[in-house]
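Asker: Given the sequences, and given the hints that come with them, work out the whole structure.
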Amino acid sequence: DIQLTQSPSSLSASVGDRVTITCRASQRITNYLNWYQQKPGKAPKLLIYGSTNLQSAVPSRFSGSGSGTDFILTISSLQPEDFATYYCQQSYGTPNTFGQGTRLEIK
Amino acid sequence: QVQLVESGGGLVKPGGSLRLSCEASGFIFSDFYMSWLRQAPGKGPESVSDISASGYTIDYADSVKGRFTISRDNANNSLFLLMNNLRAEDTAVYYCARGRAYSHGIRDLWGQGTLVTVSS
Numbered sequence: 048d049i050q051l052t053q054s055p056s057s058l059s060a061s062v063g064d065r066v067t068i069t070c071r072a073s074q075r076i077t078n079y080l081n082w083y084q085q086k087p088g089k090a091p092k093l094l095i096y097g098s099t100n101l102q103s104a105v106p107s108r109f110s111g112s113g114s115g116t117d118f119i120l121t122i123s124s125l126q127p128e129d130f131a132t133y134y135c136q137q138s139y140g141t142p143n144t145f146g147q148g149t150r151l152e153i154k
Numbered sequence: 008q009v010q011l012v013e014s015g016g017g018l019v020k021p022g023g024s025l026r027l028s029c030e031a032s033g034f035i036f037s038d039f040y041m042s043w044l045r046q047a048p049g050k051g052p053e054s055v056s057d058i059s060a061s062g063y064t065i066d067y068a069d070s071v072k073g074r075f076t077i078s079r080d081n082a083n084n085s086l087f088l089l090m091n092n093l094r095a096e097d098t099a100v101y102y103c104a105r106g107r108a109y110s111h112g113i114r115d116l117w118g119q120g121t122l123v124t125v126s127s
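From first to last, the protein sequence lines stand for chains L and D.
All the letters of the first sequence, read from the start, carry residue numbers 48 to 154 under this note's numbering.
All the letters of the second sequence, read from the start, carry residue numbers 8 to 127 under this note's numbering.
In case anyone wonders, no lab produced these hints; they're calculated from the structure.
Some hints could be false.
To be verified - List of simulated lysine-lysine pairs, DSS-like, C-alpha gap at most 25 Å:
1) D:Lys72 / D:Lys20
2) D:Lys50 / L:Lys92
3) L:Lys86 / D:Lys50
4) L:Lys154 / D:Lys50
5) D:Lys50 / L:Lys89
6) L:Lys89 / L:Lys154
7) L:Lys86 / L:Lys154
8) D:Lys50 / D:Lys72
9) D:Lys50 / D:Lys20
10) L:Lys154 / L:Lys92
Because the structure is a prediction, the values reported are computed rather than measured.
Answerer: Here is the structure:
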C-alpha cells in the first residue's frame with residue numbers, strides 16, 4: 048500500500064496567517080493527490096483534487112501544489128472556520144490511502 | 008438536495024453481524040461509483056469497499072475481505088454493507104461516499120456517518 052506522511056501533525060496559527068501543510072507519498076503518484084477538511088463530529092469534505100484543482104464552492108484561499116511524491120496544501124489567509132483537521136489522500140493506487148492528518152488549531 | 012444518509016450502526020458483540028444502509032438523493036445514483044470508508048477514533052479515514060456504478064466491479068480492503076459484502080440497489084438509490092464476523096478493530100464511524108465522475112478514487116460527497124461499536 049502507498050503510505051502518506053503529513054507534516055506537521057499539529058499546527059497552531061492565528062486568523063490571517065498563511066499556512067502550509069505537507070504530504071509525502073512513499074512512491075510516485077503523479078498528481079493523484081487530494082485534500083480533505085474535517086471538523087469535529089463531521090464527515091470529511093473534499094477541498095482539492097488532482098493536486099491543484101479546487102473543488103466547487105471551496106474558497107480560493109485554499110490551494111494545492113506538487114507532483115510525484117511531495118505535495119503542499121496552502122491556506123493563504125486563515126479564517127475562523129478553517130480550524131479543523133486536514134487529510135491528504137492518494138487515488139493513484141488501490142487501496143486509496145489517507146495521511147494521518149494535520150490538526151490546525153487557533154493560537 | 009444532494010445528500011447521502013447512512014443508517015444501521017450500533018453496538019454488536021465480537022463475531023456478530025450488522026447491515027449498514029446508505030440512501031442517496033439529489034443526483035443520479037446509478038451513474039456513480041460508491042464507497043464505504045471508516046474512521047476509528049483519533050485516526051484518519053480508511054477505505055473499506057468500493058462498488059462500480061453497475062455493481063459489477065467490487066473491491067475490498069484486505070482487512071475486511073471475506074467478512075464484508077458491499078452491494079447496491081440502483082432502483083432505490085441505496086448502498087449497503089453487510090458486515091459479518093465483526094472484530095473489536097472494526098469499531099469506527101462508517102461513511103458512505105460518492106466517487107467523482109471519471110475518477111472514483113476522489114470522494115466528493117460524504118454522508119454524516121454511522122457509528123459501529125464492536126464490544127462484549
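Asker: Compare the structure with the hints numbered earlier in the document and write down the numbers of the violated ones, lowest to highest.
Answerer: none
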